[in-house]
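Following the hints, put chain Y in place on chain U, whose structure we already have.
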Amino acid sequence: MAPTATAPALAVEGVHKSFGQTPVLRGIDLTVAQHEVVCLIGASGSGKSTLLRCVNLLEPIDAGRIVVAGEDICAPGVDVNRVRRRIGIVFQAFNLFPHMSVLDNVTLAPRKVLHLAPAEAAARALALLERFGLADRQREFPDRLSGGQQQRVAIVRALAMDPQLLLLDEVTSALDPELVAEVLAVIRELARGGMTMLIATHEMGFARDIANRVCFLDAGRILEDGPPEQMFRAPRAERTQRFLQRVMEAGRL
Amino acid sequence: MSHLGGPLDTSGMLAVGPPGGPLRARGRPRTALRSTLVAVVSTVVVFGILVWITVNAPGWAEVQVSFFNATVFTNAFPDIVAAFWLNIQLFAIAEVLILVLALVLAVFRSLPGPVFFPLRFLATIYADIFRAVPGVLVIYILGFGIPGLGLPGIPTDPFPYAVIALTLIYSAYVSEVYRAGIESVHPSQEAAARSLGLTRLQALRYVILPQAVRRVIPPLLNDFIGLQKDTVLVSYIGVVEIFRQSQITQQARFNYTPYMATALVFIAVTIPLARLTDILVSRDRRRAAASAR
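Protein chains in written order, with my numbering: chain U, 374 to 626; chain Y, 2 to 294.
In short, the hints are calculated from the structure, not lab data.
Built from N, CA and C at the ideal position, the CB exists for glycine as well.
Treat the hints with care, since some could be wrong.
[To be verified] If you want the footprint, here are the derived chain Y segments under chain U, 3+ residues with CB under 8 Å:
| no. | region |
| --- | --- |
| 1 | 190 to 204 |
| 2 | 208 to 221 |
[Claimed, not checked] Okay, derived cross-link-like pairs now, SDA-like style, lysine to any residue, Cα gap no bigger than 25 Å in a straight line:
| no. | chain 1 | residue 1 | chain 2 | residue 2 |
| --- | --- | --- | --- | --- |
| 3 | U | Lys-485 | Y | Ser-111 |
| 4 | U | Lys-485 | Y | Arg-215 |
| 5 | U | Lys-485 | Y | Gln-212 |
| 6 | U | Lys-485 | Y | Arg-206 |
| 7 | U | Lys-485 | Y | Ile-130 |
| 8 | U | Lys-485 | Y | Lys-230 |
| 9 | U | Lys-485 | Y | Glu-191 |
| 10 | U | Lys-485 | Y | Ala-204 |
| 11 | U | Lys-485 | Y | Tyr-207 |
| 12 | U | Lys-485 | Y | Thr-271 |
| 13 | U | Lys-485 | Y | Val-101 |
| 14 | Y | Lys-230 | Y | Ile-130 |
| 15 | U | Lys-485 | Y | Val-214 |
Isolated chain U, as found in the complex (with noise of 0.2 Å):
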């Protein structure tokens, strides 16, 4: 099936994922248009970055279908690696390459994978760094960068890669709290700028700013959903409800 621009940028339908014994999703529906950006939250556990590594095929489902930009992802057949290309992710943990030179991590993907030639590859590069304001730690490596800095390395690195659907998982979870801001900004920056974005998020607020749309997870469903003014306001499930309340209570809203 060729991909169609007018298809939704993503449709989960009924995705199953066990691990072992265990089941993570009990049958996921999810639709993301082109330029909409979608919170996934609930309590951890709830399958939200098994959701993630499942779009981005890190991990294989056990039933159901995804769909990207009108094509079957999981059919018998798919060139993962042409699939990861229009999917960028960003993990809790950065997972940048220690070896690399700032430059050398966002650079690596679109010169053996593009094939562009190592100029164009580091000026695309510099171009985002400087977007992000990152340009002056082009020469470092991810050890001597804060955090923050790390996070938006790793941002960019997906970046380059130019998606079409960009995954978030968690990606502040990791961070000192005064350096989560300035990860925040850059995925606002992004928003703004129509990127597609499917984010795993334990920041309410955050959530409440950014998304079009809120998807409550719990227990590997996707128990309600919708504008965030309604989710976070007057939450219609009682588990809805209750993870909200204990949200607040630990001052996250």
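What follows is chain Y alone, placed relative to chain U:
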């Protein structure tokens, strides 16, 4: 601490103050001087006793003549050093082949999935067999067995068999070193590489192996030291290298001093490499400490 058999009471120890505290910092220069003095004195005493025991042994006079003969040493040394050139060629060629073959084996063993089972199986069997069979036997079997087949065009010079035998033996060990390095790279690194669209081989080549190899350089150097010494084993198949040369000289003069000269050559070559390994290990440890913060 009167309660016998009870849990260890540490409160008394803690009251003394943590080690490295202000007390110790103030006394450091004097402590350092005293440590050096203690080290020097104990070294002199220990080695003094050992030397005294040796030179007062009943057979010392004969041992001195047959192991520490200056004339024999001076006469034999040039031949021995010349013969060492062959050892250098042996381990230089073998080391390059080992580094390549072992890397291939380690990569084979790290390939996941049922498709690659035959390669994993072969690499595992290889490492098992060549670590099980004593090196001398491998050298014998290859050095006498292959030329014994009498195949046309096959070399009769033992040197190539010596190189091949050492390569086969050491690749088994070195592949395990590489494998440990590959497994020490966190799976999230491969996930990050694959998520950017790199193929499994590209992830291995650009992300995993560079980190893995860097981490195992000290143990690789250690195996390299072992290889240098084990080049003497190929004397068994008729390669006139340093050990065989010292044997020839020993038999000609009925004197063991050539063996001492050979030992001296190995010490001179190996110790710098051992120190280099130490330096690299401690540098890695400092780096790890710095990045952990």
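Enumerated hints in conflict with the structure, sorted upward: 7, 8 and 12
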